[in-house]
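Protein sequence lines, in the order shown, are assigned to chains A and B. First residue of the first sequence? That's 0 in numbering that gives the first Met the number 0, and the numbers climb one at a time after it. First residue of the second sequence? That's 0 in numbering that gives the first Met the number 0, and the numbers climb one at a time after it.
Do not rely on the hints blindly, as some may be mistaken.
[What the hints assert, rightly or not] Covered stretches of chain B (in silico footprint by chain A; criterion: 3 or more residues with CB under 8 angstroms from a CB of chain A, positions within the stretch not fixed): (1) 45-56; (2) 239-247.
[To be verified] Partial list, computed: chain A residues near chain B (C-beta under 10 angstroms): (3) Ile1; (4) Trp2; (5) Arg34; (6) Ala43; (7) Cys45; (8) Thr51; (9) Glu102; (10) Ala105; (11) His108; (12) Val111; (13) Lys192; (14) Leu319; (15) Val321; (16) Arg323; (17) Arg325; (18) Arg326.
No lab work stands behind these hints, which were simulated from the structure alone. The C-beta atom is built at its ideal place from N, Cα and C for all residues, glycine as well.
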Amino acid sequence: MIWLTWRQHRKQALFTAIGLAILATFMIPTGLAMRHTFADKGLADCVRALGTASLVPASADTCGKASAEFNSQYGTMSMIGILFLVLPLLVGLFWGAPLVAREVEAGTHRMVWTQGVSRRHWAMVKFGVAGAGALATAVVYGLGMSWWLTPISQAGQHGRFNVFFFDMQGPAPIGYTLLAVALGVFAGTIWPKVLPAMTATLTGFVGLRVTLTTLARPHYLPARTLTLPIKDATVQTNPAAEDWILSYGIRDSSGRMLTANAQMACAPDATGPGAACGADLGLGPGSYNWQLYQPGDRFWLFQGIEAGIFVAMAALLLYLAVRRIRRIA
Amino acid sequence: MDIVLETDQLGKRYGRAWALRDCSLRLPAGRVAALVGPNGAGKSTLLHLAVGLLRPDAGAVRVFGQAPYDNIAVLSDIGFVAQDTPLYRDFTAGELFTMGAKLNQRFDLAMAHHRLTQIGIPRDKAVGKLSGGQRAQVALALAMAKRPRLLLLDEPVASIDPLARREFLQALIGVVAETGTTVLLSSHLLADLERTCDYLIVLHTSQVRLTGGVDALIAGHRQLVGPRHGDRPPSGVAHVVRATHTDRQSTLLVRTDGPIHDPAWTAHDVTLEDIILAYLGDGDTQSGRTHAAWGAPA
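Just chain B, with the same shape it has in the complex (with noise of 0.2 angstroms):
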């Protein structure tokens, strides 16, 4: 399995406070992932680490084997989108190509043209004035019309209504199918996630929490109902992620290792946003919450 981007103990500080921390991570080539943490956890710290604007203080980043940072090698096999999808305002989409066309080594500029009139977005009028959601679509074809072998967008559809977002997340999964792009993406908005991005990287306080195939970490993850009080958690639970308790009743959201047969407990199927908030609720204390902890009522 080829590996895209890698990262190893990664950190990056802004003056004494560490942005990200300790980032290990790989991301595997042909996927769509998403990043995912709050507001504040380093996801545009990691993105711009990855796509060479910040050269990392701690450990290293590697895209296609290289280190990005002040390396045009691996910059034109990045398609980038930042945060805001920041255009030149006064430029048309037409001169934001020819552009493109102009700094890039490799620039598809027909590809360019060809999905802003397949969209229905006018060529020949100042991005400035087009719709929020209408700059992101020119600012992912431009990002797509250098051939990227790995595209990274930063928040794309944070400022865009829902429609429009809906849409851009379209024109995203299509351009992906067709081009076999490697994409991170990272968002907040966990609800687009699920259709969207078959691999998973949950990022909080700086640190990773999570990676692994969407299919897999729901595979993996069960939520457990069963007696308040009782016993420890059921054979086949590798892991309690996070536990919340009535007078009853505990309710248990786990990372399984095997079946769990236990007829105390009852195992319900999760859902890719039960699992995120699950793990960015854990980040509140220190580390994961161990059975020991867990098994010790109040």
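The following block holds chain A by itself, in its conformation from the complex (with noise of 0.2 angstroms):
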């Protein structure tokens, strides 16, 4: 039986290994040269010496030079990177939903499943390598990803709790990897025609990764808030703490959402048309500026329990998937 799942998708197999290793030889070059550049502009000593606390002092380097110096030369590196939130969907596309689908299509189910197996075990054997394979795909593109973008998101481009950039690296993209390839098996037991399996494949992909990135991801965990009051602020956030800030903006004394969306820092001995620090625009004594944030310690944590959501989406629609085979003829 595994024999025949090799001899059935060896051709799969070879293109998918090609196309990871045109990506190697895309991604290992461009990654060494931003690993360096990142070191020799001091970038990488920089980051370290400020931690990853949400706050550090207001007298502190936060990089701010040597990290426009970076993006400006690798800013495009990040937009080659969003090119590569599509490549789970792909797997999904071109192993799971043919899987079944092309056999039931061809009609060659009836051959293999009047042979001496029974469809149980047909099922968990072509399922298995298949995701076997996703999952050997995925860990190699969710590590090397991680490895690439680590320069990009440091330097403060994006964090790494931005959409794209936790999509692409770390365990998360494995569970999209092999929810879209049992999708993709799922849709091929209910519509067994390759197209239309593949259709509902991308559909249902998409809307499942939208839902919940907006919907549930910010959630995961109860968020933080973080004040920093307007003037004598003694501390300023921190860009290598790399926190994922999901709303910010200054409110009044008594919490009243004044300005959303801004923040103010003034200095303290500042003289001129900026000296009234807000006053101008309305800000009375006791505002402050606020954010609601998600720690970036948690990064790991919630890659956990995104990349957990969908490996357990991913084994419910394999169940389903065995319970309709059996009703295929």
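Put the two chains together into one complex; each comes in its own frame, and the hints tell you how they fit.
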């Protein structure tokens, strides 16, 4: 049965391996170059000195200049990186959807299910091999992307909690890939034709991902709040903490939101037009900066939760697919 | 007499429509049986129930005394060639046989290769590049290499040309004669069946119309030609299957239960095809016509 699965899907495995190899020939040199520049500009040391606390003293160097230089050199990289977001979906479309759908579309399920193995056995091996292949691909992809994205994240272009950056690295894309494959398999048992199964996989995957990302992820753990005085602040937010800021603004002394999506900081000894420090904009005494955020050190926890949810959904879909297969003739 | 395949009030429903209903039949061992009926009569459904691809919604199907659904023990005794002889088109015949050897506990790899060599089909060419007739031969070799006690074939020759069809059926007869396998073969190509089969099952509008050994059926049916508005059918007629009338005479296809000596009627022998067509035509009306129904002139 394993021989059969390998014989049937070796082309897909080959194409996937070639795809990963092509990806590696691009990612490895650019990743090395970025890390090199990152160290050369002193960013590595600077970021290490900042630590990962949400707040650092106001006098601390937040590596702004070196970050700006780094980002001006590698700004396009994060855009290129976003293209790789579709990879889990591609695996689902080309590994998952045809797995059952192509058999039934061609009628070969009647040939293979009337040999001497049960359909359950057939499904287990097929799903197992496809799942293992997808898992291996996703692990290479997830870990590779983590490595590649680290300097971009640390240079403050986008924190690793950024919606796209979070989705491209670590265990999360492994969960996405497994879900995409399971969704493809399941869709193939409902619509036993390759194209409709692929369409359903595409729609379902994008729908699930968008829904969970926007509605569920910010609430995996209760968010924390942080307040900072507008004037005479002795601390400042730390870009190297890579906190995920959910919302922020300026509130008055009673806690009412005055200006959403704004922050303000005045130098203690400011003179000239800025010396009013917001009083002229209607900010009374006692107004303060406010932000709601998920701390950056929850990154791996959130990755684990996200991956866990997707793996659980994938397992459920595969279970349902096995049940459906028993009813296909 | 051993019964290989037995169904009892068997029914299968797709949504609210019954694809097969109240189907009761028994297929004795050692027969080459034809399952005949128009498209949509439920032939494929019956075969899928027999090979365990489908689970019955009503009644029971037993193969070698066991329910075949989800039953590997029965499956290893059944060879099945599905409609349009589906095979993995990018596999070579040799690879398909390797697959068969790996997926079946009992698989005669040598026999499969030998059969292929006999027919002259290359074993290292993707089966998708073979002709339809050659593909059907590969599918038959794959099914027979399981050394099954029951071989089920769903319209195996429907989509191949007449010459390849004859070769396929000859190969089938040959292999069955060697192994003594019981065969159930569905088809709507009547002319091929008389040469191939010795048992007949007629299925129409999801029900069994007729079953029996071919020789007995041919011996037990007669075509009678006699006067229009004549008397009731002569003695010796058990059942009028089909009647056609002209102004002056009536032609009846009847099932007999004794010799027919009435001089008013001329009796002719019938072919298997005549019988099948008569029973299929009969299916258009509610049930078999009785003497009384036939006897009332228009």
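- [ ] Go through the numbered hints given earlier and state which of them the structure violates, listing their numbers in rising order.
- [x] The structure conflicts with hints 2, 5, 6, 7, 8, 13, 14, 15, 16, although it agrees with all the remaining ones.
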